[in-house]
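Going down the list, the protein sequences come from chains D and Z.
In terms of the UniProt record's numbering, the first sequence opens at residue 1 and continues consecutively.
In terms of the UniProt record's numbering, the second sequence opens at residue 1 and continues consecutively.
Errors might be hidden in some of the hints.
Some chain Z residues near chain D, calculated using beta-carbon distances under 7 Å [to be verified]:
(1) Thr18
(2) Pro78
(3) Ser87
Hints listed in this document are in silico derivations from the structure and should not be mistaken for laboratory results.
Don't be surprised by glycine CBs; every beta carbon is placed ideally from N, CA and C.
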Amino acid sequence: MAQTVLHTATSRGGADHGWLKSYHTFSFANYFNPERVNFGALRVLNDDSVDGGRGFGEHPHDNMEIISIPLSGSLQHKDSMGNLATIEPGEIQAMSAGTGIYHTEYNKDKDQPVKFLQIWVFPNKRNVEPRYDQLKINAPEKPNTLVQILSPNPDDAGVWIHQDAWFNLGKLEKGTKVDYTFQKKGNGAYIFVLEGEIEVNGQLLHKRDGFGIWDTDTFTIQAVSDQTEFLIMDVPMEF
Amino acid sequence: MMKTEILVIGTDPDILQTILRLLNAEESWHAEGVSGIKEALAKCGLKAYHILLLGAGLTSQEEEELKTEVKTLYPTLPVVPHYGGGSGLLFAEIYLALGKMNQAQ
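Extracted from the complex, chain D is given alone in its bound form (with noise of 0.2 Å):
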C-alpha cells in the first residue's frame, strides 16, 4: 500500500531578509522543523525571490548535488571553476558540490525579482570532483506528457548528478491525467506544484503543495485546473 505524506504550502518554513524571501519545505538554515528534514535523498525545497540586482556574495558548498530552476528572472551564477552563466527559465543548472567550491549567484536584472527552486538532493558518494552543468528544457514531444530534466545518467535526457534520481516536469491540460512508474525500486517520488491544481492518486495539491509518495510502483496525476505545472523529483528513501 502506497505511503504519502502532505506538505501543504502554507505549511512551510520561511525567511524574510527583505532582498530575499524564501519558503523552505525542509529544514534549513534557521528553520528547523525534525519532523520536516528530508524526503529520502531528497533534503532541500527552497521556493526562492531574489530582489533586483541582489543576490549571494561568494560561499562555499560541499557534498551536495545542488540544482537551480529559474522560474522568472534569470540568475548569474559564477563559480571557482571559471564558470560564469546566466540561467534562465526552460533552463536547469545542477552543480555537484563534492570536495567544495565557492560560488556567488545574483540577480542579474535590476529591476524584476528573480524567483526560482533551489533544491539539493544528497550524493550517493561523498568527495567526488566538483562539476557544473546547465542545460535548456526540451520541449514535450507530445502535449500532456512529462519532461524528463534529470537522470544519474550523462547520456540521458536532462542534466546529471550524482545520486539515482529522476526529476521530470509536467503540464497538464485540464481534465488530463499521466501515469508515473517509478525509474527505481526503494525511489519515492516528491511532487510539487509550480501552477494550478492537480490531484495525485485523489490527493487535491494546490499551488506550491508538496506530496510525497512512497511504496507503491506507480501513481496518477490529473490535472483539475487549468495551466498546471509540476514538477516531480523521484529519489531513494535509502541512500
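Following the hints, put chain Z in place on chain D, whose structure we already have.
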C-alpha cells in the same frame, strides 16, 4: 553554561573556517577544527567532545578509518557527516545529533 563541544574535520581551510564561524556564533556551542585524522584523534584524547562533524575532503578510506577508530576509542561520540558546506544544513545536523543523544540518555 556548559557548551556543546563540537570538533569539525575538513581539509578545505576556508570551508572549515566558515563552518567554525557559523557554529561558534551559537552561544551554546563551541567548535574547533582540524584537517586530518591523526589531529582529530589526538584532540579527542585531550578533551571530551559531544559531536565530531565530518566535513569534506577526506577519502572514503580515511572516513571509514576515522569512524572505526572513534567507535573503538570513544564509543559514545557520534560522527555526524556534514553536507552542504555552509549554514543551510549545519544547524539541523547538530540539532538532530543532539536530539538523538538526548533520547539515548
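Verification of the supplied hints:
1. Taking 7 Å as the C-beta cut-off, the interface hint given for Z/Thr18 holds, the closest approach to chain D being about 6 Å.
2. Contact between Z/Pro78 and chain D, as hinted, is not supported at the beta carbon level, the nearest pair being about 16 Å apart and thus beyond 7 Å.
3. Annotation: interface hint on Z/Ser87 holds; nearest CB of chain D at approximately 6 Å, less than 7 Å.
Violated hint for the displayed structure: number 2, the only one.
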